[in-house]
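In case you want the letters, here they are:
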Amino acid sequence: MNTQQAQPDSFVFDSASEAEIVVALSKYPPERKASAVMPLLYIAQRQMGRLTGSAWVPVVAMDEIARRLGMAAIRVYEVASFYTMFNTKPVGRYHLQVCTTTPCWLRGSDDVVAACKRATGITAFGETSADGQFTLTQVECLGACSNAPILQVDDDYYEDMDGPRTVALIESLRKGERPPAGPTINRSGSAPEGGRKTLMDPVHSISENK
Amino acid sequence: MVRVIVDGTPVDVPPDFSALQACEAAGKEIPRFCYHERLSVAGNCRMCLVQVARAPKPVASCGFPVSEGMEILTDTEVVRRARRAVMEFLLINHPLDCPICDQGGECDLQDQAYGYGTGISRYHEAKRAVTDKDIGPLVKTVMTRCIQCTRCVRFTTEVAGTPELGMVFRGENAEITTYVEKALTSELSGNLIDVCPVGALTSKPAAFHGRSWEYKKTDSIDVMDAVGTNIQVHARSGEVMRIVPRVNDEVNEEWLSDKGRFSIDGLKRRRLDRPWVRVHGKLVEASWQDAFVALARRLDGVAGYQIGAVAGDLCDAESLCALKDLMAALGSPNVDCRQDNAWYDLTSREGYLFNSGITGIGEADVLLLVGTHPRHEAPVLNARIRKRFLAAGRGHFPIGMIGQPPTDPTYDVTVLGDGPEALGALQAGGSEFAEAFRKAKRPMIILGHGALTRPDAAGIYAACQTLLSQGEAVAEGWQGLNILHTAASRVAGLDLGLVPGLRGRSASGMLRGGVDILWLLGADEFPVDKIGTETFVVYQGHHGDAAAARADIILPGAAYTEKPGTYVNTEGRVQRSFRAVFPPGEAREDWRILRAFSEVLGKTLPYDTLEAVRERMAAINPVFRQGGGGLQPAAQIAGQGTSAPAAAASVSAPEGRVEAGAFRPVVRDYYLTNAISRASPTMAECSRVYGPAAAVAAE
Numbered sequence: 001m002n003t004q005q006a007q008p009d010s011f012v013f014d015s016a017s018e019a020e021i022v023v024a025l026s027k028y029p030p031e032r033k034a035s036a037v038m039p040l041l042y043i044a045q046r047q048m049g050r051l052t053g054s055a056w057v058p059v060v061a062m063d064e065i066a067r068r069l070g071m072a073a074i075r076v077y078e079v080a081s082f083y084t085m086f087n088t089k090p091v092g093r094y095h096l097q098v099c100t101t102t103p104c105w106l107r108g109s110d111d112v113v114a115a116c117k118r119a120t121g122i123t124a125f126g127e128t129s130a131d132g133q134f135t136l137t138q139v140e141c142l143g144a145c146s147n148a149p150i151l152q153v154d155d156d157y158y159e160d161m162d163g164p165r166t167v168a169l170i171e172s173l174r175k176g177e178r179p180p181a182g183p184t185i186n187r188s189g190s191a192p193e194g195g196r197k198t199l200m201d202p203v204h205s206i207s208e209n210k
Numbered sequence: 211m212v213r214v215i216v217d218g219t220p221v222d223v224p225p226d227f228s229a230l231q232a233c234e235a236a237g238k239e240i241p242r243f244c245y246h247e248r249l250s251v252a253g254n255c256r257m258c259l260v261q262v263a264r265a266p267k268p269v270a271s272c273g274f275p276v277s278e279g280m281e282i283l284t285d286t287e288v289v290r291r292a293r294r295a296v297m298e299f300l301l302i303n304h305p306l307d308c309p310i311c312d313q314g315g316e317c318d319l320q321d322q323a324y325g326y327g328t329g330i331s332r333y334h335e336a337k338r339a340v341t342d343k344d345i346g347p348l349v350k351t352v353m354t355r356c357i358q359c360t361r362c363v364r365f366t367t368e369v370a371g372t373p374e375l376g377m378v379f380r381g382e383n384a385e386i387t388t389y390v391e392k393a394l395t396s397e398l399s400g401n402l403i404d405v406c407p408v409g410a411l412t413s414k415p416a417a418f419h420g421r422s423w424e425y426k427k428t429d430s431i432d433v434m435d436a437v438g439t440n441i442q443v444h445a446r447s448g449e450v451m452r453i454v455p456r457v458n459d460e461v462n463e464e465w466l467s468d469k470g471r472f473s474i475d476g477l478k479r480r481r482l483d484r485p486w487v488r489v490h491g492k493l494v495e496a497s498w499q500d501a502f503v504a505l506a507r508r509l510d511g512v513a514g515y516q517i518g519a520v521a522g523d524l525c526d527a528e529s530l531c532a533l534k535d536l537m538a539a540l541g542s543p544n545v546d547c548r549q550d551n552a553w554y555d556l557t558s559r560e561g562y563l564f565n566s567g568i569t570g571i572g573e574a575d576v577l578l579l580v581g582t583h584p585r586h587e588a589p590v591l592n593a594r595i596r597k598r599f600l601a602a603g604r605g606h607f608p609i610g611m612i613g614q615p616p617t618d619p620t621y622d623v624t625v626l627g628d629g630p631e632a633l634g635a636l637q638a639g640g641s642e643f644a645e646a647f648r649k650a651k652r653p654m655i656i657l658g659h660g661a662l663t664r665p666d667a668a669g670i671y672a673a674c675q676t677l678l679s680q681g682e683a684v685a686e687g688w689q690g691l692n693i694l695h696t697a698a699s700r701v702a703g704l705d706l707g708l709v710p711g712l713r714g715r716s717a718s719g720m721l722r723g724g725v726d727i728l729w730l731l732g733a734d735e736f737p738v739d740k741i742g743t744e745t746f747v748v749y750q751g752h753h754g755d756a757a758a759a760r761a762d763i764i765l766p767g768a769a770y771t772e773k774p775g776t777y778v779n780t781e782g783r784v785q786r787s788f789r790a791v792f793p794p795g796e797a798r799e800d801w802r803i804l805r806a807f808s809e810v811l812g813k814t815l816p817y818d819t820l821e822a823v824r825e826r827m828a829a830i831n832p833v834f835r836q837g838g839g840g841l842q843p844a845a846q847i848a849g850q851g852t853s854a855p856a857a858a859a860s861v862s863a864p865e866g867r868v869e870a871g872a873f874r875p876v877v878r879d880y881y882l883t884n885a886i887s888r889a890s891p892t893m894a895e896c897s898r899v900y901g902p903a904a905a906v907a908a909e
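Protein chains in written order, with this note's numbering: chain A, 1 to 210; chain B, 211 to 909.
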């Protein structure tokens with residue numbers, strides 16, 4: 001992998017990040033502060049998203065984290081590259097992460113993928129759209145199978161997706177809107193669509209038992 | 211001790227043993243890739259699976275602790291099937307390029323696939339490929355061959371102390387890399403080649419040059435530093451092809467410094483392969499006979515005190531002995547083995563030895579480095595210090611340093627000052643380190659040549675002695691003052707009394723024109739232009755370095771791989787090496803040159819055979835009597851406590867004061883410290899990548 005591409009020359013934590021770092025470090029004894037490597041990587045990634053519109057961790061940020069935590073830089077690289085949720089390459093403003101593991105796939109994740117590609121012009125996983133707005137990534141199980149298929153945008157789950165709703169979501173993101181996360185159909189959380197389907201008998205009604 | 215039963219045989223092992231070690235103790239061979247005796251246990255190759263009674267499935271023996279009465283089965287159908295399956299997994303992505311792989315013939319994967327694998331292949335899928343990494347001029351990578359045992363990651367992190375390699379990404383995409391492309395900065399990086407069980411990390415300079423079974427293997431001793439690393443010289447048709455370390459737990463464990471391993475191409479370049487005589491200001495080729503006659507004529511009538519000899523850093527004890535005897539025959543008291551003008555307390559052998567011993571580092575509880583940077587002066591010894599530092603745990607092995615370290619020492623040090631005045635502050639106490647030193651049971655001082663080559667060396671030495679004597683809890687029999695030498699020949703030279711005799715001149719005095727005729731035995735590490743124009747210079751050595759260019763007569767000698775020799779390392783261990791190849795052209799073994807010339811002079815030295823020279827050495831100093839070759843480590847530390855020869859004792863220890871002024875580093879460029887490494891293109895490339903010039907360019 002060419003790690004040299006598009007790497008910034010310097011990285012400095014801003015004041016918002018510094019406040020978060022204080023909290024992260026306070027969770028570990030000082031001599032074990034290397035344990036804070038994952039929170040700090042995430043803080044750095046969010047800061048990059050906040051300041052540059054691309055939430056990723058450049059090498060200089062990893063070096064800075066290594067320096068702060070008194071660990072070898074390669075140990076930080078190992079952690080950052082192991083976890084797929086740390087982006088070691090620049091990503092678009094919106095990071096579209098489509099779950100394609102079996103439950104989502106059975107429930108139509110192929111349509112979601114196709115819709116993402118159609119709406120953004122991306123041709124393959126891992127690419128960023130020409131306008132730099134979207135990066136499409138294939139991810140493994142997001143742990144929300146009851147709401148399959150899932151499209152995760154940055155940190156938010158958009159659930160019960162299908163092709164048209166994916167296109168609509170991407171269009172509103174393009175306009176700078178952030179639709180509320182959660183199910184995109186008429187259901188609450190992972191409750192049945194359209195409301196309760198079982199235990200309809202009045203004896204089970206909580207209000208009548210009072 | 212814990213009793214375990216291995217394949218029905220009871221064996222008693224220490225309770226901290228793993229099942230794998232217990233099996234080895236019982237004489238059972240357990241295949242392994244990731245497990246290495248001197249590295250932490252990773253347990254990720256799964257090749258060492260064995261069956262343990264009452265365990266539901268095979269266990270990885272390398273990480274499985276023994277317990278009383280444990281029954282281990284190493285040769286059941288379950289184990290055999292498990293090994294075959296693991297082997298098959300390891301080979302899924304391994305390329306079938308053994309015919310073009312430099313590891314071929316000495317490859318753990320080859321051997322174990324043959325021994326424990328299946329005879330058939332079921333691989334129909336495409337193999338994954340991994341990009342090769344450029345990790346410097348010494349180690350070549352073919353990363354597709356990597357089986358991800360992580361030995362190299364653990365070696366760089368634990369032993370070398372330069373954590374630069376890591377395993378990044380995950381699963382199928384996992385690979386060993388530096389992530390950011392860079393050259394490994396370790397002086398021990400060549401050991402990665404030995405540590406790697408497959409052909410992923412091989413020697414870059416030796417790529418495609420030979421096969422392991424073609425080499426004639428000769429035991430020898432490394433002369434690039436004064437540790438006395440036990441090495442094996444691998445030669446083919448009269449040419450040194452490579453050098454690998456031998457295991458000696460008391461000296462080098464199983465490591466070898468990069469300079470010792472990769473300087474070998476310097477053995478073929480800039481060699482002096484025939485005698486030369488300067489005629490009318492120009493060096494012309496000559497026969498041995500002509501050179502000897504010319505030299506004898508020049509010596510004719512010259513008084514003994516006008517002749518001087520300086521011995522260099524790479525000499526074997528035999529040639530030092532012959533040089534000393536020749537000078538004595540010529541009536542000269544001017545002989546010195548200290549071309550850097552170092553000062554030692556020569557009243558007893560302890561005055562110039564690494565008295566705690568190299569293994570003693572493992573027992574020390576506090577360490578003070580004075581005017582030394584062991585990482586450059588003795589990388590293998592530095593790995594010992596790091597090992598002790600890691601074993602002690604955070605903050606339990608305080609290390610103080612006087613003099614700024616030019617690079618990261620690979621362990622945490624407290625820099626106590628730049629110059630010897632810091633010793634006074636330590637004596638006064640008060641600081642945290644001073645308190646730790648005073649209360650230590652086994653305090654250790656390593657005194658380097660950054661201090662010993664100063665005019666106030668005697669004062670610094672005395673200050674170190676005082677500091678040690680202030681210790682309140684020093685263990686009985688513990689000797690804490692250690693001299694770290696950088697020259698392989700130095701201790702042997704001092705043991706043989708190659709120091710100026712009565713009214714004799716020291717090396718600096720001779721070089722400054724104190725003598726008419728100057729005999730340089732491989733001495734190159736001094737400013738040659740300081741030699742007076744009137745001085746007649748005889749250079750006896752193996753490389754056409756600076757001093758040979760100045761010489762009036764050149765007598766071609768043998769390099770350390772080309773002669774049987776005796777070397778005494780910094781701790782006073784007498785070790786022998788054997789001849790791996792013959793010297794080039796007309797060049798001869800150095801003691802034989804001196805012996806032959808003595809005959810021309812009519813002052814024949816009283817020995818004709820190597821055994822006779824060694825008898826003579828033993829007569830000068832009994833330490834040489836017991837040195838019985840490099841293979842009996844137990845008998846090697848010889849003559850601890852015997853007094854140095856009379857000639858050495860005549861130089862008394864002057865009490866001196868210390869002066870202010872920062873210590874200067876002993877080794878300016880690790881890769882270019884002697885005539886052999888300066889002739890080596892590999893070392894030149896290393897110097898370009900890592901040396902002081904590269905460091906300046908990077909800033």
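There may be inaccurate statements among the hints.
[Unchecked claim] Example chain B residues on the side facing chain A (calculated, C-beta under 10 Å, incomplete):
| no. | residue |
| --- | --- |
| 1 | Gly376 |
| 2 | Met377 |
| 3 | Lys597 |
| 4 | Leu600 |
| 5 | His606 |
[Claimed, not checked] Computed from the model, here is a short list of chain A residues facing chain B with C-beta under 8 Å:
| no. | residue |
| --- | --- |
| 6 | Ser35 |
| 7 | Val60 |
| 8 | Arg75 |
| 9 | Tyr77 |
| 10 | Glu78 |
| 11 | Phe82 |
| 12 | Gly108 |
| 13 | Asp110 |
| 14 | Val203 |
[Stated by the list, open to error] Quick list of in silico lysine-lysine cross-link-like pairs, DSS-like style, CA-CA up to 25 Å:
| no. | chain 1 | residue 1 | chain 2 | residue 2 |
| --- | --- | --- | --- | --- |
| 15 | B | Lys492 | B | Lys813 |
| 16 | A | Lys117 | A | Lys175 |
| 17 | B | Lys414 | B | Lys392 |
| 18 | A | Lys117 | A | Lys89 |
| 19 | A | Lys89 | B | Lys392 |
| 20 | B | Lys414 | A | Lys33 |
By construction, these hints were calculated from the structure, which means they are not laboratory data.
Yeah, the Cβ is synthetic: ideal placement off N, Cα and C, and Gly gets one too.
For each hint, the structure was consulted:
no., hint, in the structure
1, Gly376, "holds, 4 Å"
2, Met377, "holds, 6 Å"
3, Lys597, "violated, 18 Å"
4, Leu600, "violated, 14 Å"
5, His606, "violated, 13 Å"
6, Ser35, "violated, 15 Å"
7, Val60, "violated, 10 Å"
8, Arg75, "holds, 7 Å"
9, Tyr77, "holds, 4 Å"
10, Glu78, "holds, 4 Å"
11, Phe82, "holds, 5 Å"
12, Gly108, "violated, 27 Å"
13, Asp110, "violated, 23 Å"
14, Val203, "violated, 49 Å"
15, Lys492/B <-> Lys813/B, "violated, 30 Å"
16, Lys117/A <-> Lys175/A, "holds, 18 Å"
17, Lys414/B <-> Lys392/B, "holds, 15 Å"
18, Lys117/A <-> Lys89/A, "holds, 20 Å"
19, Lys89/A <-> Lys392/B, "holds, 19 Å"
20, Lys414/B <-> Lys33/A, "violated, 39 Å"
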